[in-house]
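**Q** The chain contents come next:
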Amino acid sequence: MNEPALNGMALTRQDRSEPLLRSGNSNCGGCGMSNLMQMLRRASAEHELKMVVPACCAAVTSGGFPESAFSIPTIMSTFASAASVATGIAAVAQLNEEKTRVICLAGDGGTYDIGMGTLSAAAERNEDILYLCYDNEIYGNTGGQRSSATPAGAATTSTLHGKQETKKDIIGIMAAHRIPYAATISLAHIDDTLRKLEFALVSKGFRFLHILSPCPTGWKSEPAMGIELVRLAVRSGLFPVFEVFDGERYQINVEPDFSGEALTMYLALQRRFRNTGVTEESLRPSIERYWNYLRLMSGRIVPARRN
Amino acid sequence: MSVELISANHAAALAATLAGRANRSARGFCSGVYPITPSTECMEFLCGQEIEKGKVVRADSEHNAMGICIGASAAGARSFTTTCSNGLAYMVENCVAAAGYRLPIVMSVANRTLGPPWNIWADHGDSLLLRDLGWLQLYSADNQEVFDTVLCAFRLAEDPRILMPVLCCMDGFILSHTMAQVEIPTQEQIDRFLPPATIPQRLDKAAHTLGQMETPHQSVVHRSQHHQAMLGARQVYSEIQDSFTEIFGRRPADPLVSYRAEDAETLIVSMGTLGVTAERVVDQLRDQGQAVGSVRVRMFRPLPDTELRQLFGGKKRIAVLDRDISIGFGGALWGEVRNFADRDSIVQGYMIGVGGGDVRPEHLLNLLAELEQSEESAAPKIVEVA
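Residue numbers (the numbering used here), protein chains in the order written: chain A, 1 to 307; chain B, 1 to 386.
Hint data in this document are derived by calculation from the structure and do not stem from the laboratory.
For glycine and all other residues, C-beta sits at the position ideal for the given N, C-alpha and C.
Hints may contain errors.
To be verified - Derived DEER-like restraints, expressed as beta-carbon distance ranges: (1) 117/B to 269/A: 49 to 59 Å; (2) 286/A to 116/B: 19 to 29 Å; (3) 117/A to 201/B: 20 to 30 Å; (4) 58/B to 97/A: 18 to 28 Å; (5) 24/A to 236/B: 35 to 45 Å; (6) 286/A to 201/B: 15 to 25 Å; (7) 161/B to 222/A: 51 to 61 Å; (8) 222/B to 48/A: 52 to 62 Å; (9) 97/A to 160/B: 40 to 50 Å; (10) 222/A to 218/B: 54 to 64 Å.
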């Protein structure tokens with residue numbers, strides 16, 4: 001496991017002088033999106049940013065007019081329009097030869113579901129956008145209903161006894177668009193996260209980052225356990241950390257140990273998995289299937305390292 | 001100035017192209033477009049143009065075409081798109097957003113019936129979907145007017161006192177696909193008429209957030225500002241008319257186009273190309289000694305209420321023609337203008353040409369003959385035309 005020694009990050013001179021997400025924002029304690037914005041603060045220190053936020057928790061967290069918790073120019077788009085509004089902004093930046101990096105900060109609902117067509121179209125046109133999907137696996141803003149990012153076996157307010165269907169393979173979908181860069185991000189792996197954010201910020205064309213974003217409110221978990229939960233999801237193989245270049249070259253970034261104990265703990269620490277019948281054994285086949293696929297795509301038949 | 005034989009769709013697209021080029025010294029031009037009959041030729045024309053510091057993005061839906069315009073406009077560029085019918089219905093959510101951000105986006109609509117059942121012919125029901133959403137609405141009756149209206153629309157939309165999107169409507173096929181002579185100014189003239197666009201709320205260096213949450217009190221204030229700004233459009237438009245006249249040597253049409261209306265006893269009120277038919281009928285009846293006049297409502301939002309009240313004063317009979325139907329109510333235009341008439345005037349609503357029916361002079365003659373016999377206003381009537 002190439003995990004960093006520290007969970008948190010210290011503020012350094014390398015960071016943007018002002019946080020991207022300022023204090024006074026209304027995120028729940030332990031929100032993964034807050035962690036993401038913290039890391040993006042460091043990764044984007046050298047960049048001028050403009051941001052598009054569709055309907056999602058990030059649209060609420062900035063607070064009420066006229067104050068904003070975001071320290072960069074931001075537009076709140078309609079739910080399904082993040083990637084199209086960003087298209088317009090990026091096009092005008094290009095016409096004016098500006099170095100502005102345009103980012104979308106969208107939840108899983110606005111990405112996997114209602115914004116899917118918009119996302120696919122912007123990816124197909126290879127717009128110069130960095131799309132960040134912070135995935136808490138539910139419609140968090142509306143109180144925690146299922147989305148197509150909700151994993152099978154998770155109880156939500158619209159699937160009380162656990163969702164039946166499996167989670168959509170978003171990176172597979174994005175890779176199929178042959179975009180320059182698509183990657184998953186584990187908030188528990190800071191070095192890998194920073195490297196990916198920095199790479200994605202300097203790259204051109206459509207870049208997509210999928211962030212597993214702990215949601216204590218929806219997952220019914222301890223706010224302080226968020227990073228730990230991500231670490232368990234990565235260790236168990238449930239959340240593979242990898243990147244795909246040009247839709248072809250797959251690179252696995254973190255080699256899990258496929259620990260059964262980690263998977264059991266991951267489930268046990270979240271009340272959304274309680275009484276839905278989901279267990280380590282029930283998840284194991286789909287994890288193996290996905291990893292076989294990843295091994296095939298990455299050309300690494302044998303794991304590089306196994307602890 | 002040159003004269004070209006072009007369709008109204010092309011006239012709208014050409015006006016947008018010239019307006020786009022005129023912003024090359026500022027933030028440029030960016031447009032998201034998507035095809036739909038009968039607006040398609042407008043977007044096709046735009047896609048074929050070379051626009052310095054301009055980009056036309058071929059979107060995946062009308063919803064996202066407007067999304068791209070929103071992004072472009074929020075980044076300070078001039079922006080334009082076109083759609084109609086179900087495309088406009090699909091776009092509505094982002095039209096609401098464009099108005100809410102107060103972005104000066106101009107849109108050309110070749111009015112078409114909403115479906116299903118599918119029908120591609122002219123009906124104003126599509127643009128009327130946006131009636132209450134904070135867009136200015138202008139309806140044209142010939143190709144020159146379409147061209148002039150789109151140019152004026154950019155001036156209107158971008159005026160710091162207005163700052164809101166503008167809808168330029170033309171009847172689908174009747175205008176959109178009809179070729180006619182259009183006077184086209186030079187780029188140099190257009191540059192003089194359309195100064196570089198300044199969008200004060202654009203995303204620039206300052207860390208402000210567009211479209212974020214607000215309290216009921218703040219919403220009331222924002223709506224009120226929007227409302228007041230729109231009401232001011234009549235004054236601003238007359239200034240734009242003066243400036244247009246000075247630069248191009250002809251005056252763009254008024255918000256209300258009245259024809260032999262002053263001394264008329266009976267008035268025909270309409271929007272779009274129905275007004276042209278009405279004017280022909282007026283001539284015919286005048287020849288027979290009947291005091292008939294016509295008023296074409298070009299500016300539907302903001303509705304020129306004072307002027308309408310003035311024009312309606314003293315009229316015995318007013319026939320309001322609607323190429324739309326507000327189901328369960330009557331014609332939308334009738335519903336809005338009937339209260340401007342005197343108490344003892346007979347105001348009769350007719351929904352005619354709904355779903356694209358071909359309204360000919362004889363239809364209007366029949367309807368007026370019947371109106372001349374009536375002693376009081378009746379419920380709005382649906383007139384079937386083949």
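**Q** Look at each hint and say if it fits the structure.
**A** Here's how the hints hold up against the structure:
The hinted range of 49 to 59 Å is satisfied by residue 117/B and residue 269/A, whose Cβ atoms lie roughly 55 Å apart. Between residue 286/A and residue 116/B the beta carbon distance is about 41 Å. The supplied range of 19 to 29 Å is therefore violated. At about 28 Å, the CB distance of residue 117/A to residue 201/B agrees with the hint of 20 to 30 Å. For the pair residue 58/B and residue 97/A, the beta carbons lie near 23 Å from each other, so the given range of 18 to 28 Å is met.
Residue 24/A and residue 236/B have their C-beta atoms about 39 Å apart, which keeps the hinted 35 to 45 Å range intact. At about 48 Å, the beta-carbon gap between residue 286/A and residue 201/B misses the expected band of 15 to 25 Å. Roughly 55 Å separates the CB atoms of residue 161/B and residue 222/A, a value that falls within the hinted 51 to 61 Å. Checking the proposed 52 to 62 Å range against residue 222/B and residue 48/A shows it is violated: the Cβ atoms sit about 29 Å from each other.
Distance hint check for residue 97/A and residue 160/B: the Cβ-Cβ separation is about 27 Å, which falls outside the suggested range of 40 to 50 Å. Range check, residue 222/A to residue 218/B: about 36 Å between beta-carbon atoms, so the 54 to 64 Å window is missed.
Violated hints for the displayed structure, listed by number in ascending order: 2, 6, 8, 9 and 10.
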